[in-house]
Amino acid sequence: MAALQEVEFAALQSLLKAPSKDAVRQLCQECFSSPPAGLGLLAQRACPGLAAGPDEAEQLVSALHNLTRHVVYRGLTRAEDILSLFPENFHQNLKNLLTKIILENISAWRNEAQASQISLPRLVDIDWRVDIKTSSDSIIRMAVPTCLLQLKIQEDVALCGNNPVVSALTMELSKETLDTMLEGLGRIRDQLSAVANK
Amino acid sequence: MGLLNFTRDPVPEAVSGDMHNLNQLSAQQFSALTELLFRFLTEPKEVERFLTQLSDFATMNKISLGPLKNIVKSILLVPNGALKRNLSSEQVRADFIALGLSEEKASYFAEQWKVNSPALTRLAVGQTLMINQLIDMEWKFGVTAGSSELEKVGSIFLQLKLVIKKGSQLENVYVELTLPQFYSFLHEMERVKTSLESFS
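So the protein lines, in turn, are chains A and B. When the letters of the first sequence are read in order and numbered with full-length UniProt numbering, they come out as residues 1 to 198. When the letters of the second sequence are read in order and numbered with full-length UniProt numbering, they come out as residues 1 to 200.
Note that these hints are calculated values from the structure, not bench results. Quick caveat: nothing in here was measured; it's all calculated off a predicted structure. Among the hints, a few may not be true.
No farther apart than 30 Å at their CA atoms in a straight line, the calculated lysine-lysine pairs in the BS3-like style are these [what the hints assert, rightly or not]:
1) B:LYS140 x B:LYS114
2) A:LYS175 x B:LYS140
3) B:LYS84 x A:LYS133
4) A:LYS100 x A:LYS21
5) B:LYS166 x A:LYS175
6) B:LYS140 x A:LYS152
7) B:LYS114 x B:LYS84
8) B:LYS140 x B:LYS161
9) B:LYS114 x A:LYS175
10) B:LYS84 x B:LYS161
11) A:LYS152 x B:LYS165
12) A:LYS133 x B:LYS165
13) A:LYS100 x B:LYS152
14) B:LYS73 x B:LYS84
15) B:LYS84 x A:LYS175
16) A:LYS175 x B:LYS161
17) B:LYS62 x B:LYS84
18) B:LYS114 x B:LYS69
19) A:LYS133 x B:LYS166
20) B:LYS165 x B:LYS152
21) B:LYS140 x A:LYS133
22) A:LYS152 x B:LYS166
23) B:LYS114 x B:LYS165
24) B:LYS84 x B:LYS165
25) B:LYS193 x A:LYS133
26) A:LYS175 x B:LYS165
27) A:LYS175 x B:LYS193
28) B:LYS152 x A:LYS133
29) A:LYS95 x A:LYS133
30) B:LYS84 x A:LYS152
31) A:LYS21 x A:LYS133
32) A:LYS175 x B:LYS45
33) B:LYS69 x B:LYS45
34) A:LYS152 x B:LYS193
35) A:LYS100 x A:LYS17
36) A:LYS152 x A:LYS133
So the derived label-pair ranges between C-beta atoms look like this [said to hold, decoys possible]:
37) B:GLY66 x A:MET142: 34 to 44 Å
38) B:THR7 x A:ILE132: 21 to 31 Å
39) A:GLN5 x B:SER184: 44 to 54 Å
40) B:GLY154 x A:SER167: 21 to 31 Å
The C-beta atom is built at its ideal place from N, Cα and C for all residues, glycine as well.
Please model the complete structure; the sequences and the hints are all you need to start from.
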């Protein structure tokens, strides 16, 4: 599967008009991080100097997005692999610059992709407190320790974008419940170390 | 009537009459009735069964059910108050005597109270208000093989399903944890356990 179509590589040539290498670097990062739906806005904002018109700007941004995403998807880590994506007649210096920029950012981009992949709601924080119940309407005097556990849970990152929705769930655990839970967690830990030692 | 241990409120008038009737029962009948009562106290949900057993007792001993129910109501006042106030068997015995029960029967009841009170106390504590109680926890862990952004991933994930009781309904909460989060969660829970144990 080819990384990009010919017309997309042609669009990349607009980068030759960029004011500096840093500007190209910046644009690459923004194109990778932007979701496909945000590329239109990005094109308007970032490319006034680079492209002849709005169509060219959109094509450039979309091509950069696809190129960077493809490299991250395939997990390409060597310069040769990235260089071989470009067609024969592509501008030499630009090809080297883009490869260099991509290699610099590849591990950060990979982490970004992993952090934003779909998942169940994620645990963000844990807080706990231990109370002693001294009295209630059913017993006037007692000393029962109990645990209040608060989990901060963040909804699916992909859905929230820049406004993470974090909900706090507070629950009460008796000593027996906590013991059972620890038993379960201990079993998970044992299985994890069994897998790790294989 | 002097100050009672099991309650601060004045006792209903009918109680002394009921105690007098109780004194008329033979020791055997009283011990059978006491057994019935404690079985009900340790399993308060079994109301149907208790009422059936009461009416069997009434028939067998040729007592009318109506007065028997009143007697039982009066007797139950004491253990209910005693449970609330963590009374000792001595105090329960003293209260029954103050209410008019014979010494012999009061001592017998107090003995049965001593035997049953740990179970009854545990039951009462269990009925204490719990907010969002954690009922159950299920888990699975595995490896993410790939995603739409990354062809090959190979990272470990852990998913927990927590069943929480909110009011009278059960709610399922699903959470995903990374491996380092799991280890710090385990560490925190062990700290909680140490803390709880130091207070027990």
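Hint numbers contradicted by this structure: As far as the earlier hints go, 1, 10, 17, 20, 21, 23, 28, 29, 30 and 31 are violated by this structure, in ascending order.
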